[in-house]
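> All chains should be modelled from the sequences, with the hints used to inform the complete structure.
If you read the sequences in order, they're chains G, S, E and X. Here our numbering is used: the first residue of the first sequence is 1, the next is one more, and so on. Here our numbering is used: the first residue of the second sequence is 1, the next is one more, and so on. Here our numbering is used: the first residue of the third sequence is 1, the next is one more, and so on. Here our numbering is used: the first residue of the fourth sequence is 1, the next is one more, and so on.
Source of the hints: derived by calculation from the structure; they are not laboratory data.
One copy or any two copies: either way a pair holds, since identical chains are not told apart in the list.
Capping the alpha-carbon separation at 30 Å, the derived lysine-lysine pairs in DSSO-like fashion look like this:
#1 Lys165 <-> Lys250
#2 Lys63 <-> Lys116
#3 Lys38 <-> Lys3
Number of protein chains: 4
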Amino acid sequence: MIKAGIVGATGYTGSELLRLLALHPEVEISVVTSRTEKGRPVAAMFPHVRGHIDLAFTDPSVKELAVCDVIFFATPHGVAQSMMAEFIDSGLKTIDLSGDFRLNDVDIWEHWYDQKHACPELIEQAVYGLPEINREKIKEAKLIACPGCFPTVIQLGFLPLLEKKLIDTRRMIADAKTGTSGGGRAAKVGMLLSECSDSFKAYGVSGHRHLPEMQQILSEAGNADIGLTFVPHLVPMIRGIEATLYFELKEDAGLSLADVQAIYEQRYENEPFVDVMPSGSLPETRSVKGSNMCRIAVHQQPGSQMIIVTAVIDNLVKGSSGQAIQNMNIMFGLDELLGLEQVALMP
Amino acid sequence: MIKAGIVGATGYTGSELLRLLALHPEVEISVVTSRTEKGRPVAAMFPHVRGHIDLAFTDPSVKELAVCDVIFFATPHGVAQSMMAEFIDSGLKTIDLSGDFRLNDVDIWEHWYDQKHACPELIEQAVYGLPEINREKIKEAKLIACPGCFPTVIQLGFLPLLEKKLIDTRRMIADAKTGTSGGGRAAKVGMLLSECSDSFKAYGVSGHRHLPEMQQILSEAGNADIGLTFVPHLVPMIRGIEATLYFELKEDAGLSLADVQAIYEQRYENEPFVDVMPSGSLPETRSVKGSNMCRIAVHQQPGSQMIIVTAVIDNLVKGSSGQAIQNMNIMFGLDELLGLEQVALMP
Amino acid sequence: MIKAGIVGATGYTGSELLRLLALHPEVEISVVTSRTEKGRPVAAMFPHVRGHIDLAFTDPSVKELAVCDVIFFATPHGVAQSMMAEFIDSGLKTIDLSGDFRLNDVDIWEHWYDQKHACPELIEQAVYGLPEINREKIKEAKLIACPGCFPTVIQLGFLPLLEKKLIDTRRMIADAKTGTSGGGRAAKVGMLLSECSDSFKAYGVSGHRHLPEMQQILSEAGNADIGLTFVPHLVPMIRGIEATLYFELKEDAGLSLADVQAIYEQRYENEPFVDVMPSGSLPETRSVKGSNMCRIAVHQQPGSQMIIVTAVIDNLVKGSSGQAIQNMNIMFGLDELLGLEQVALMP
Amino acid sequence: MIKAGIVGATGYTGSELLRLLALHPEVEISVVTSRTEKGRPVAAMFPHVRGHIDLAFTDPSVKELAVCDVIFFATPHGVAQSMMAEFIDSGLKTIDLSGDFRLNDVDIWEHWYDQKHACPELIEQAVYGLPEINREKIKEAKLIACPGCFPTVIQLGFLPLLEKKLIDTRRMIADAKTGTSGGGRAAKVGMLLSECSDSFKAYGVSGHRHLPEMQQILSEAGNADIGLTFVPHLVPMIRGIEATLYFELKEDAGLSLADVQAIYEQRYENEPFVDVMPSGSLPETRSVKGSNMCRIAVHQQPGSQMIIVTAVIDNLVKGSSGQAIQNMNIMFGLDELLGLEQVALMP
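Here it is as structure tokens:
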């Protein structure tokens, strides 16, 4: 059994790791840390794991966590980078769900996160944990930087045509919509049910931290400058992200919608967690609720050159904790589906 | 007092007319029709109007409705066109909330609505009831074709720059999101709370009836061909539409975001129901819930030429019944705000 | 015009006073206070009142507020009692929406609110602002203690039979359900949409502050000891309270359900804001959303002696701010309906 | 592998059987029937099972279903009784999720369901499938009548004290609240998101079909007449039932709350799917969302003799499809937890 430690397990990505790992046949949750809840039984805080998890929160320390084979950081940005070096030195495998190691360029990181990076020397070692592009590197990695939730679904939506250099990369638009769990478990007035239920809005319109992450990954994948406009919106639901992508093919691409469909199907035919639906399908977020699946459909409107891609994930599963476990499975040579075979909860 | 009749008052636009007209100081609701509910007291069906409305539903007939000064059609498409000629002949003022008379071109109408138009000869008389562009014509109109809910907010979002020919009209994108009341009060599995709550999806991606309406109005306003991509989405909320618009300025436009903001403010400074918020604001649908207001904000992302406009309305008020009453106020020479001064219900 | 001041207008009862008073034909909002938001325009915080209210928040002080004719306290408990004496001395009429002056017995207040009462000498002057029992006293009052939201609807549900001494008062049960706005606008994890949406729970099962308030009022109304069990529940909706009341008639009461219905109708026939629906009706909270109405229905199950009463209000209107304005109207000799004639927002 | 057939798999209990059985290690879904969807791939209707279930709907017929070892009826009442005899004759094990075989007394059944029972001769053979009272009988059963969703949670809440004859059975109250999936997947106006979201109401106040079922089971369990009042309510959420139970102990019971807690813990200590939480806990429906667990807590208010029990289940799992599988596991001598170990989806 793989012994897993979770640093910062009181937030949503942490509790989702608990839910998923509790039933993973090859993993034993050994240490669960929280500074604020130290000593409290996990099941007292999260009644849904009563009967499944019989641990108490402990202080996060390398000593405590040294019994583990793998450490998940389910912490706000800034935390993993402050602790990571010691873990890496101890030879532990580490998977960071925060934004600390996603960006190659420290200056860009420091600009968007508005703080000094505590551990720039490890950035180069970090492997961006999107298995659909980095599976081989993940196998050898010591430090995984899990993708952001928006970048996961948006990148999966752009990749097939982008990798083939068929997209006009000057104008790519990603209009994304997320449930409130994307905002975390912190008490904020704007995330109260009274404030965001029965309403809808755009936010982060003038700039969001996931934008430079996507620019980096997409420009590598397309070997081109990326003119990406990204607007996130807040949906009155708990889980799920839907992204509607708008772009044009290069003028000489000469592809029909059926060609586009074929390219998407081919790109993902061996991917266990990307489901290319028939062209014109309308993916709903509930079709992936609680599951690690990304569902994608491609569309075109009559008389228009625009390609429209609609894609959905569960932000807490494929968008974070499920994808983290998918990375772990790859790192340890396990079947990539282990612990991740849930059927979505619908209705 | 103006005597008003409502044809088809059992749906959401009909019941919203009831709510608003019940307190309009210059209107008396005289006749409320429904074939299926004939004889039933309105307040038995709609308990929220108990104490406000003391009528029973009657059969829709010109004879019955002839006592009225104005007739609202809150009916599915196809109904108003089958009854309209008689009403017009009787000299009544009519306001159609359905799509029957919005499109100038009968062929386009018949293509998108997939049926024969029953009264093409009246299309020319119909005035498109968007007061922000047609106020003078509305004053003289006998037949108002109220705009669709999506076209109302999307057009208000594009107009200021489009009218000044500053937009690159080849690539205009409207990513719109609506509450479920936009789907009407008919029993459909897909609109059950169990089916669409806690979920999100795009629909109508390959084409929606509001697209030709917008192409017509926007091409007139901009005196140009319009390359518009429009994707509606379903939000798990009752009321409200948010539209996020993406477009580029013409290369020689030479406008800063502040210039854009000024153009929007100037365009709508005398409009009682369009509120241009400070640049960078994030309009929420709840800020207009139950009110006739449209709130708009303009944005730009660092390093990008794209102009982003976010705009919200209540689909049942400014998107239909409230706008219908705004048209009525104009037709009868009343203060345009009468009966429409509600403050949005927030939280 | 009556000049009104609102102390603590950043919460939900405060913003609801803004919404309602903005359109009250005899009231001018003169002062709006908030220590934390001092200097900020009200409309910057609450975009739904843009165009309706053109004030900025000021510090709460007797000097500032002395221009007013009436002061509303929309503050957490403990605040009104600390400021009230000065206002009363200045001859101002005051309406407290908090729990500070609802209980006659200081010891009971201090037990349930777990703090020392700062102004016990004014308790006797306070009039409990439930117009349906205290209209005459309200006319002369200087200090109104507005009822709690749960007590308003539960008391209205019990009063008709209780006042006639027809209820077995040893076993009265009130199973109540509230929307989240009852919990206020403070940032609390448990009130996040992610935490309380798509879920349901009882809370305060072992005791809630509204219990002693109801025991006091109901025992006065019934001139008897009251054996009341009260359990509140949290509903994933914004506004509304539904209460289901269970009780038996006294053995010698000899009343049919029709008799009970008649007693309810008679009791409230002159009450503008209590609507007794036909027996067996199923009041929904949305039928009063945004309105000051309380709707009530009585029921009985076959073979059972139990009387079941179901009743609904909007917790922010009849349950607090609307009722406060109803009190103000009575205090100033105005038509009791002024500013309170809204039709509920449905759907 | 056990071959399972599902009759009527287009509703919510049917699709929930699909979700749960798809991952059951000892079951293979062999036949899935629907008259209306005959020939359509299951995954085309239910995209959440794409990749998990590769069957098409077929017509329901004994011939088709004869390959199965067990048949689940996920049909409206009236269907199972019309087909059951043939299946029983063929020696198949059958599990009926509808109300057809729950009531012992045909007259009572015909009164409440308002139709003639088509197969009264099989009622005696039917075993009421609440494992917590009937585990031994279930092992030998040919025909399981799965309990209703409300009866499941309400009965589990009453049983421990009732079986010990400690309850005053003259006055038992069950105030229950359900999510909308309890109303099924049929298109009904009242279940539209626009109609029941952001609202709350009681329904069935004058009588509900689950009342006679509970009277039968509880009077057997307590060997006494049961004076039960049951009021269901509709909550704007998809899954979950919360029941708040009110009752008094017999005068000579002489039990403290701690005694009551001990009796509940003892009663369910070996039950894998009943979790007695610490006294005073507040069970939330989300703590069992998607899982087969029932969570229960007991309470008392100061100065009151009333015992209050709060209990939650997922109506589609422990309230129907999960419990059906629990019955199947028992019938086939499998580990009772197989296929039912899901951790609830929270948040």
